[in-house]
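All chains, full assembly: derive it from the sequences and hints.
Now for the letters of each chain:
2 protein chains.
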Amino acid sequence: MPRDIHILTEAQLRQFVSVDETAIDIVAKAFATLAGGEVIMPPIMSMDIPSVHGEVDVKTAYIPGFDGFAVKISPGFFNNPSIGLPSTNGLMVLFSAKTGVVEAVLLDNGYLTDVRTAAAGGLAAKLMAPQNVETAGVMGTGAQARLQIEAAHLVRPFKKVLVWGRDAGKAAACAADIAARTGVDAVAEPDPARLVAESQLVVTTTPSAEAVLKADWLHPGLHITAMGSDQTGKNEIDPAAFTKLDVYVADRISQCETLGELRSALQAGTVATTDGINELGQVVLDPSLGRKSDREITLCDLTGTGAQDTAIATFAFAAAKTAGTGTIVEA
Amino acid sequence: MPRDIHILTEAQLRQFVSVDETAIDIVAKAFATLAGGEVIMPPIMSMDIPSVHGEVDVKTAYIPGFDGFAVKISPGFFNNPSIGLPSTNGLMVLFSAKTGVVEAVLLDNGYLTDVRTAAAGGLAAKLMAPQNVETAGVMGTGAQARLQIEAAHLVRPFKKVLVWGRDAGKAAACAADIAARTGVDAVAEPDPARLVAESQLVVTTTPSAEAVLKADWLHPGLHITAMGSDQTGKNEIDPAAFTKLDVYVADRISQCETLGELRSALQAGTVATTDGINELGQVVLDPSLGRKSDREITLCDLTGTGAQDTAIATFAFAAAKTAGTGTIVEA
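So the sequences go chain by chain: V and Z. Taken in order, the first sequence gives residues 35 to 365; the numbers are from my numbering. Taken in order, the second sequence gives residues 35 to 365; the numbers are from my numbering.
Think of the hints as simulated: they come from the structure by calculation, not from any bench. The C-beta atom is built at its ideal place from N, Cα and C for all residues, glycine as well. Treat the hints with care, since some could be wrong.
What the hints assert, rightly or not - Pairs of lysine to aspartate or glutamate residues, derived as EDC-like cross-links and limited to a Cα-Cα distance of at most 20 Å, are as follows:
id	chain 1	residue 1	chain 2	residue 2
1	V	Lys355	Z	Glu364
2	Z	Lys132	V	Asp91
3	Z	Lys160	Z	Glu184
4	Z	Lys132	V	Asp82
5	V	Lys160	V	Asp54
6	V	Lys132	Z	Asp91
As the list claims (entries may be wrong) - Interface residues of chain Z toward chain V, partial, derived using beta-carbon atoms under 8 Å:
id	residue
7	Met79
8	Ile83
9	Val86
10	Thr94
11	Val105
12	Ile107
13	Leu119
14	Thr133
15	Val135
16	Val139
17	Leu141
18	Leu323
19	Glu364
Take a look at the structure:
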């Protein structure tokens with residue numbers, strides 16, 4: 035019995051999904067349900083292929099109340115730039131939550147991941163950054179450096195952005211892009227200590243294996259969103275910084291303790307136990323679990339969850355289907 | 035930079051892939067490479083969704099020397115038959131082994147899985163069944179009951195087939211289908227003990243949680259392929275049967291000890307250790323590890339591997355691409 039399956043390309047998906055308040059709301063709903071304990075989210079499937087410098091991650095989650103669930107396949111092949119291809123690509127497959135039937139194949143080349151990741155950063159800033167942010171800093175100069183600042187600016191309309199990266203040219207280019215996208219004064223800042231000192235909100239977006247943000251730099255009224263570490267072996271935040279935090283929030287404790295900043299802190303002993311740690315969805319449900327004063331120092335640790343994928347994919351497909359966009363295959 | 039992605043439907047894939055000697059050879063090559071230790075195959079990702087009586091499995095494997103690797107997503111939603119839908123469906127996504135770029139989406143509704151599963155059974159029969167099989171028996175009456183017998187008949191052209199199932203009507207229908215497909219005399223046999231007694235080759239294809247094939251029924255010159263158990267909690271072969279086996283072969287030891295018949299035998303203590311157990315690919319490479327005489331009793335335990343999926347998907351896509359079949363989407 036053939037059924038209609040919708041095929042959507044990145045260009046088509048971009049018509050319906052972008053880094054905006056809708057995306058932040060969608061992701062907030064996914065985290066809230068995740069915190070409610072009703073989401074089914076198996077551990078990430080991961081395959082390393084050292085011979086070609088490649089890796090493949092698969093994420094999924096079933097969220098009660100959503101029409102579908104997504105399975106996302108994200109390959110990263112890090113020799114690709116040498117032959118003119120992006121390192122990362124991938125797609126999401128959306129299934130009916132009632133019957134498991136394939137509904138849609140979203141050939142997004144990682145675009146939906148970019149959006150849902152930035153939206154989680156926007157949500158973290160909304161719930162945890164001080165009310166008044168004059169200056170935002172970003173460490174790292176890739177696609178997420180741009181998108182995280184764009185998302186944060188939606189919820190904290192700061193006046194200035196500082197960009198730090200190992201490569202001064204890339205930092206300048208990133209600052210120029212951010213200025214063009216947000217209309218905010220954005221400049222490269224070669225000294226990461228100064229960047230943190232001058233910012234009330236800092237987003238770290240690097241794939242670093244060694245801390246790029248030192249404990250000594252923390253100051254009252256700072257919020258940090260650390261979204262670079264999503265694998266064992268990555269670490270952006272000095273483990274000693276955890277002793278200075280007033281509030282630490284994980285997107286998912288079970289992931290952060292093995293893949294996020296929490297892993298390094300547990301290993302270094304600056305966090306003794308995960309008891310008492312809140313997840314981002316709990317802060318959505320009860321914002322008093324986030325920042326309590328403008329003087330507190332807060333950190334949100336983002337590793338990326340299958341719940342976000344299911345939420346953004348379900349939204350994207352519903353919008354495209356309503357608009358009649360996409361190729362339909364009878365399969 | 036948009037790239038061509040090929041979308042292939044089940045009807046299109048059926049033009050190029052079927053249960054035949056080519057499929058058995060493809061699967062044999064995958065198992066041989068798997069046994070060589072060069073295949074990268076992460077543990078199966080599994081998500082249970084009890085509220086809708088659903089489950090989703092994801093399998094993958096990277097096989098050196100193959101142009102691509104597949105990620106297979108297999109949902110099973112067991113309330114579906116009540117609304118006229120099949121329980122299982124799913125698809126495979128094929129990626130370039132060099133760049134990780136999406137090459138093709140194979141909307142096969144589980145057809146390629148059916149073929150590669152039957153082909154593994156055919157391979158097991160080829161390597162482990164006695165040379166002369168007059169009668170083959172099959173326990174279970176579903177799609178795999180039909181396909182396993184079809185595959186086994188390619189390598190052991192038996193004259194008679196006995197079919198046992200809990201439902202006499204389904205057993206009769208399955209026997210009629212087998213007779214029509216293979217031209218062999220096939221009849222329903224209500225007594226499973228008699229079915230085993232009269233057969234030299236028995237394939238078990240049930241989702242049973244309790245042994246359907248008893249240890250007392252084993253006799254010299256019997257080969258059993260057990261392919262029904264692919265989850266913790268399933269069990270087709272009486273654990274006591276393991277004490278009577280001359281040869282036991284696993285498709286993958288790490289899977290069989292948690293998902294296959296080996297699990298129940300280890301639990302019952304009729305197998306003390308997995309030391310010394312061979313995998314099917316080792317028997318491909320050295321057939322002397324299989325059956326040594328017509329009097330031996332042998333068992334092959336099949337749980338299904340991502341290596342088979344990658345092998346069949348790579349073959350199917352290459353054939354369809356050469357023929358110019360499929361829908362091309364620029365994504």
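Hint check:
The suggested pairing of V:Lys355 with Z:Glu364 holds, with an alpha-carbon distance near 19 Å, which does not exceed 20 Å. Simply put, Z:Lys132 and V:Asp91 have alpha-carbon atoms about 16 Å apart, close enough for the 20 Å limit, and the pair holds. Note on Z:Lys160 and Z:Glu184: the hinted pairing holds, with a Cα-Cα distance of about 13 Å set against a maximum of 20 Å. Pair hint Z:Lys132 plus V:Asp82 holds up; C-alpha atoms about 13 Å apart against a cutoff of 20 Å.
Proximity of V:Lys160 to V:Asp54 is assessed by CA-CA distance (about 13 Å); at most 20 Å being required, the pair is judged to hold. For the hint linking V:Lys132 to Z:Asp91, the alpha-carbon distance of about 16 Å falls within 20 Å, and the restraint holds. At its closest, the beta carbon of Z:Met79 sits 4 Å from a beta carbon of chain V; the interface hint therefore holds under the 8 Å criterion. Because the closest C-beta pair between Z:Ile83 and chain V is about 5 Å apart, less than 8 Å, the hint holds.
At a threshold of 8 Å, the smallest CB-CB gap from Z:Val86 to chain V is about 6 Å, leaving the interface hint in force. For the restraint placing Z:Thr94 at the interface with chain V, the shortest Cβ-Cβ distance is roughly 6 Å, inside the 8 Å limit, so the hint holds. The criterion of a C-beta within 8 Å of any C-beta in chain V is met by Z:Val105, whose closest approach is roughly 5 Å, and the hint holds. Annotation: interface hint on Z:Ile107 holds; nearest CB of chain V at approximately 5 Å, less than 8 Å.
Interface hint status for Z:Leu119: upheld, as the beta-carbon distance to the closest one in chain V is roughly 6 Å, under 8 Å. Of the supplied interface hints, the one on Z:Thr133 holds, with its beta-carbon coming within about 5 Å of a beta-carbon of chain V, less than 8 Å. For Z:Val135, the shortest C-beta to C-beta distance to chain V is roughly 6 Å, which falls under 8 Å, so the interface hint holds. With its C-beta approaching chain V no nearer than about 5 Å, Z:Val139 sits inside the 8 Å limit, and its interface hint holds.
The interface hint given for Z:Leu141 holds, since its Cβ lies 4 Å from the closest Cβ of chain V, which is under the 8 Å cut-off. Because the closest C-beta pair between Z:Leu323 and chain V is about 28 Å apart, greater than 8 Å, the hint is violated. Taking 8 Å as the C-beta contact cut-off toward chain V, the hint placing Z:Glu364 at the interface holds, the least distance being around 7 Å.
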